[in-house]
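**Q** Residues per chain, in single letters:
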Amino acid sequence: MVKPEELLYAKTHEWISVAEEGGDKVATLGISAFAVEALTDLVYIDLPAVGRQVEAEQPFCEVESVKAVSDIYSPVAGEVIAVNETLPDNLEILGEDPYEQGWIAKIKITDEAGLGELLDHAAYEKLCSEEAH
Amino acid sequence: MPGDTTPSNLTECQLLIDPPADGAWNMAVDEVLLDEVASTGQPVLRFYQWQQPTLSLGYFQAIADRTQHPASASADVVRRLSGGGAILHDRELTYSFLLPATHELSRDTQRLYDSVHQVIVKQLSTQLPDSAEWQPTLCDTPSVLSRREEPFLCFQRRAQGDILLQRSAGQSPTADHKIVGSAQRRRRGTVLQHGSILLSRSALATELPGFNDLTDQHLAADDLIRCLPSQLANVTQLRLVEGKLTDALITKVRQLQQAKYQSASWTDRR
Numbered sequence: 001m002v003k004p005e006e007l008l009y010a011k012t013h014e015w016i017s018v019a020e021e022g023g024d025k026v027a028t029l030g031i032s033a034f035a036v037e038a039l040t041d042l043v044y045i046d047l048p049a050v051g052r053q054v055e056a057e058q059p060f061c062e063v064e065s066v067k068a069v070s071d072i073y074s075p076v077a078g079e080v081i082a083v084n085e086t087l088p089d090n091l092e093i094l095g096e097d098p099y100e101q102g103w104i105a106k107i108k109i110t111d112e113a114g115l116g117e118l119l120d121h122a123a124y125e126k127l128c129s130e131e132a133h
Numbered sequence: 001m002p003g004d005t006t007p008s009n010l011t012e013c014q015l016l017i018d019p020p021a022d023g024a025w026n027m028a029v030d031e032v033l034l035d036e037v038a039s040t041g042q043p044v045l046r047f048y049q050w051q052q053p054t055l056s057l058g059y060f061q062a063i064a065d066r067t068q069h070p071a072s073a074s075a076d077v078v079r080r081l082s083g084g085g086a087i088l089h090d091r092e093l094t095y096s097f098l099l100p101a102t103h104e105l106s107r108d109t110q111r112l113y114d115s116v117h118q119v120i121v122k123q124l125s126t127q128l129p130d131s132a133e134w135q136p137t138l139c140d141t142p143s144v145l146s147r148r149e150e151p152f153l154c155f156q157r158r159a160q161g162d163i164l165l166q167r168s169a170g171q172s173p174t175a176d177h178k179i180v181g182s183a184q185r186r187r188r189g190t191v192l193q194h195g196s197i198l199l200s201r202s203a204l205a206t207e208l209p210g211f212n213d214l215t216d217q218h219l220a221a222d223d224l225i226r227c228l229p230s231q232l233a234n235v236t237q238l239r240l241v242e243g244k245l246t247d248a249l250i251t252k253v254r255q256l257q258q259a260k261y262q263s264a265s266w267t268d269r270r
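Top to bottom, those sequences are chains A and B. Counting in this note's numbering, the first sequence tops out at residue 133, every number present. Counting in this note's numbering, the second sequence tops out at residue 270, every number present.
One side only, chain A facing chain B, incomplete, derived with CB under 8 Å: (1) 12; (2) 38; (3) 40; (4) 43; (5) 44; (6) 46; (7) 64; (8) 65; (9) 66; (10) 67; (11) 68; (12) 69; (13) 70; (14) 71; (15) 131.
Since the hints were derived computationally from the structure, they do not count as laboratory data. These figures come from a predicted structure and were not determined experimentally. We put the beta carbon where it would ideally sit given N, CA and C, even for glycine.
The task is simple: from the sequences and hints, build the whole structure.
**A** This is how it looks when you write it as structure tokens:
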């Protein structure tokens with residue numbers, strides 16, 4: 001069971017958890033509950049291709065709601081090694097369980113410099129609270 | 001602006017009123033402005049029109065789906081940065097409103113949508129007598145269709161807050177026609193909202209009547225350009241400053257127009 005309190009967050013509202021897998025550092029990425037609520041009425045997600053190289057703080061995925069297209073950013077550089085194939089046909093998962101079943105992609109980290117810029121849960125909650133007002 | 005009594009402590013918003021241009025130029029301007037607003041933090045309100053009838057595809061739409069609307073097959077085509085359905089831009093006024101992440105309305109997709117549309121509804125209402133058969137209103141019964149079931153054309157879809165001309169109560173049969181639709185693109189908190197105000201029916205989309213067709217009015221784009229900017233500035237707490245694209249931005253627009261919006265790799269990417 002993933003606890004939001006144990007994740008790290010980007011100012012652009014992605015969450016990330018990092019784990020060792022087979023000697024590599026692998027980041028699992030998703031978008032926060034706050035982001036899902038702000039996006040409203042999601043209708044489409046364009047997942048990145050497995051194998052794609054992503055750059056830190058650059059968009060790697062796009063979501064469409066009824067009224068808006070938004071970019072999703074990767075806080076780290078690396079290679080996409082898995083994507084959550086169940087999401088495109090079950091976008092409600094992003095709202096129901098954004099931190100576990102709603103994961104978007106796993107990225108094998110090649111440069112973890114961006115990790116230092118991330119917020120812990122308390123700092124992220126503060127950011128959301130400021131943005132909500 | 002002449003006669004402007006807006007408090008000077010409000011954030012400045014650059015007002016751009018552009019001449020008609022081709023679709024690739026228009027979309028390139030909007031994208032360059034999105035990056036510019038993200039960089040400067042200064043909002044921009046832009047009005048523009050189209051040199052020739054142009055079909056704009058929503059960001060995720062497939063070019064092959066143009067076959068669903070054969071009447072516009074001869075029109076130029078461009079792919080937008082924003083989502084939603086295709087729009088046949090012809091006899092309309094188009095606007096773009098770009099807000100930085102620091103503006104409170106940039107954070108709330110629906111509030112921004114509604115705020116802009118409420119201003120347009122109010123302005124369109126002033127053109128009509130209370131007894132008019134058709135009255136502008138915001139859509140409150142959005143479509144429940146799945147993405148795959150949605151019509152190809154934006155103006156045949158219904159989203160919360162779209163502007164409809166609705167036949168007044170007591171008139172029959174009841175009916176409505178969408179006359180304003182908007183869509184957003186968000187980048188790191190900065191938002192571009194652009195939308196089309198359908199003034200009159202296009203010969204390439206005769207199934208979509210505009211405001212003038214239904215109301216027997218002769219509303220021109222210039223009439224709206226005279227009224228809407230100050231009203232939009234009021235509701236967003238901004239102070240308008242008339243401006244124009246700088247030479248540096250024009251160079252960026254030209255590059256993006258050629259490299260992206262005129263390119264098949266962008267237009268035909270899906």
